[in-house]
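S.K.: So the protein sequences, as listed, match chains V and B. Residue 29 in our numbering sits at position 28 of the first sequence, with consecutive numbering throughout. Residue 102 in our numbering sits at position 101 of the second sequence, with consecutive numbering throughout.
There is no bait here: all hints are sound.
One copy or two, it doesn't matter: identical chains are merged, so the pair holds either way.
No farther apart than 20 Å at their CA atoms in a straight line, the calculated lysine to any residue pairs in the SDA-like style are these:
| hint | residue 1 | residue 2 |
| --- | --- | --- |
| 1 | Lys141 | Arg21 |
| 2 | Lys159 | Glu102 |
| 3 | Lys141 | Val44 |
| 4 | Lys159 | Gly103 |
| 5 | Lys159 | Val8 |
| 6 | Lys159 | Tyr100 |
| 7 | Lys159 | Pro101 |
| 8 | Lys159 | Tyr104 |
| 9 | Lys141 | Arg23 |
| 10 | Lys141 | Val8 |
| 11 | Lys150 | Asp181 |
| 12 | Lys141 | Glu16 |
| 13 | Lys159 | Met99 |
| 14 | Lys9 | Lys159 |
| 15 | Lys159 | Gln12 |
| 16 | Lys141 | Arg20 |
| 17 | Lys141 | Leu163 |
| 18 | Lys150 | Arg273 |
| 19 | Lys9 | Leu163 |
| 20 | Lys141 | Glu18 |
| 21 | Lys150 | Ala247 |
| 22 | Lys150 | Gly281 |
| 23 | Lys198 | Gly182 |
| 24 | Lys9 | Arg19 |
| 25 | Lys141 | Val14 |
| 26 | Lys271 | Arg197 |
Honestly, the hints are just simulated from the structure, not real lab data.
There are 2 protein chains.
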Amino acid sequence: MEIIRSVKEMQAVAESERRRGRRIAFVPTMGYFHEGHLNLMRVGRKQGDSLAVSIYVNPAQFAPNEDFEAYPRDFNRDRSLAKDVGVDWLFSPDNREMYPEGYQTTVEVRGITDTLCGFSRPHFFRGVTTVCTKLFHIVKPHVTVFGRKDFQQYVTIKKMVLDLNMDIEVIGMQTTRETDGLAMSSRNIYLKPEERKSALSLIRSLRLAEELYETGERDTDHILAAVREFITGHPYVKIDYAQVCATATMQNISRIDQEAVLALAVWVGKTRLIDNHVFGEPLDI
Amino acid sequence: MEIIRSVKEMQAVAESERRRGRRIAFVPTMGYFHEGHLNLMRVGRKQGDSLAVSIYVNPAQFAPNEDFEAYPRDFNRDRSLAKDVGVDWLFSPDNREMYPEGYQTTVEVRGITDTLCGFSRPHFFRGVTTVCTKLFHIVKPHVTVFGRKDFQQYVTIKKMVLDLNMDIEVIGMQTTRETDGLAMSSRNIYLKPEERKSALSLIRSLRLAEELYETGERDTDHILAAVREFITGHPYVKIDYAQVCATATMQNISRIDQEAVLALAVWVGKTRLIDNHVFGEPLDI
Numbered sequence: 002m003e004i005i006r007s008v009k010e011m012q013a014v015a016e017s018e019r020r021r022g023r024r025i026a027f028v029p030t031m032g033y034f035h036e037g038h039l040n041l042m043r044v045g046r047k048q049g050d051s052l053a054v055s056i057y058v059n060p061a062q063f064a065p066n067e068d069f070e071a072y073p074r075d076f077n078r079d080r081s082l083a084k085d086v087g088v089d090w091l092f093s094p095d096n097r098e099m100y101p102e103g104y105q106t107t108v109e110v111r112g113i114t115d116t117l118c119g120f121s122r123p124h125f126f127r128g129v130t131t132v133c134t135k136l137f138h139i140v141k142p143h144v145t146v147f148g149r150k151d152f153q154q155y156v157t158i159k160k161m162v163l164d165l166n167m168d169i170e171v172i173g174m175q176t177t178r179e180t181d182g183l184a185m186s187s188r189n190i191y192l193k194p195e196e197r198k199s200a201l202s203l204i205r206s207l208r209l210a211e212e213l214y215e216t217g218e219r220d221t222d223h224i225l226a227a228v229r230e231f232i233t234g235h236p237y238v239k240i241d242y243a244q245v246c247a248t249a250t251m252q253n254i255s256r257i258d259q260e261a262v263l264a265l266a267v268w269v270g271k272t273r274l275i276d277n278h279v280f281g282e283p284l285d286i
Numbered sequence: 002m003e004i005i006r007s008v009k010e011m012q013a014v015a016e017s018e019r020r021r022g023r024r025i026a027f028v029p030t031m032g033y034f035h036e037g038h039l040n041l042m043r044v045g046r047k048q049g050d051s052l053a054v055s056i057y058v059n060p061a062q063f064a065p066n067e068d069f070e071a072y073p074r075d076f077n078r079d080r081s082l083a084k085d086v087g088v089d090w091l092f093s094p095d096n097r098e099m100y101p102e103g104y105q106t107t108v109e110v111r112g113i114t115d116t117l118c119g120f121s122r123p124h125f126f127r128g129v130t131t132v133c134t135k136l137f138h139i140v141k142p143h144v145t146v147f148g149r150k151d152f153q154q155y156v157t158i159k160k161m162v163l164d165l166n167m168d169i170e171v172i173g174m175q176t177t178r179e180t181d182g183l184a185m186s187s188r189n190i191y192l193k194p195e196e197r198k199s200a201l202s203l204i205r206s207l208r209l210a211e212e213l214y215e216t217g218e219r220d221t222d223h224i225l226a227a228v229r230e231f232i233t234g235h236p237y238v239k240i241d242y243a244q245v246c247a248t249a250t251m252q253n254i255s256r257i258d259q260e261a262v263l264a265l266a267v268w269v270g271k272t273r274l275i276d277n278h279v280f281g282e283p284l285d286i
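So here's chain V without its partners, still in its complex pose (with noise of 0.2 Å):
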């Protein structure tokens, strides 16, 4: 596995690649792997002949008051294990090396970003769509995996590919989760033993509305009025969003006639967890 920390020596890397007739994957990341993390790149291990992964924590999609420098970072432990999954490139540039001095552009998605994350964090998904076109330009890859536990963050990008005509795949996998349901993510490390058990309190949500969905109710307040009774009856919990969506617009629905998200974000203690369910999928925990 070959670390890299140029733009210009990752294209010509790719570049050459590409000539050869050979298939790129790619997963952009901001590192501290998980298992969910890790099952992203076995599958970009199926899908490309070579695989890159990123590891670059995006200082314009955190706001002054979020954690960007206690965001968790650990290089020799993400290496190892990028290794052991059998990552080809690993892309890790410093903050001079994406955004040097005089930077000024930016690459928006509007409507399918106001609202649920956009809206409870404006500057979020510019910071997100611009660092992916600089990553696809950089990495060009044929296919890129990314995880649906960002849902919209998902939909937000295959939404940008599409716009912008970028010709790559944007392939979503399920969110991988621990034994106990609870969505695999970086920040649970931050979280106190008995803040953890209020987390489960998103899994368990979801599958409530799922049971609904299931026994036939389609009206969403009756849905997120029955969620948000769950989750706040756990201590250390204070809901920022719940809503449900429509995918393909990610507005928000009264009625669900259409297939259509449940997208939580959840403070437990001072720990920001998201979640989501796409009604009428599996959700075997």
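Since the structure of chain V is provided, determine the placement of chain B on it from the hints.
M.R.: Coordinates of chain B only, in the frame set by chain V:
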């Protein structure tokens, strides 16, 4: 020469060309070719093993009150001229192919686009950077050639390519002029005979400014006063802007102590003309 209307087909052709190790040159245009366009293509012809030219009158870079509908078009003439210059692929998509319903994504270069044309036509540069990003993803060029008549556009595209790590060389070509010095433009056909004479005030005022510069004048207020007085001495003429900017940032400067451009936009009757001059460069008319 192949005429291509579909994004997918253009991408497939370009990808196969790249795989064969061949270098793609690309000239994006809005059609209605004049010698200026053909000169860009001739440079592209020398730069690439293959030459792609696009014709697309991009609605996103016109405001509702501007001349999108009236913008001159003559596909058959353009096709014949392109063929004579040795273009390999003429990419000419329709609006539904470029901006299907539900389109939401924009690319924006801030700062550099706040002055001059960007100030007078705020929607303009976002339209240009967005459509160029799309075209670059569709045509997949190694090198692209822009005219420097649209100086701020050229600087903006260079900045976008740099910021977004597009692996593309951007070449800026000197403005092609009529024998009397008028910068070639598709919009020149709008000029009535008496307006055509007043249109020469642009190039003549650029020459006047260069003469002042050569005699040691560095104060931009002095130069601009002379330029404005000269231009407004002509009938049918109204200055939209006349500014001196640093080429690196496109910000106004009060003294010429770095590479600087005098940029003009002037209404002649109902036709808006632009021209510019980088101080110290040859201006042989």
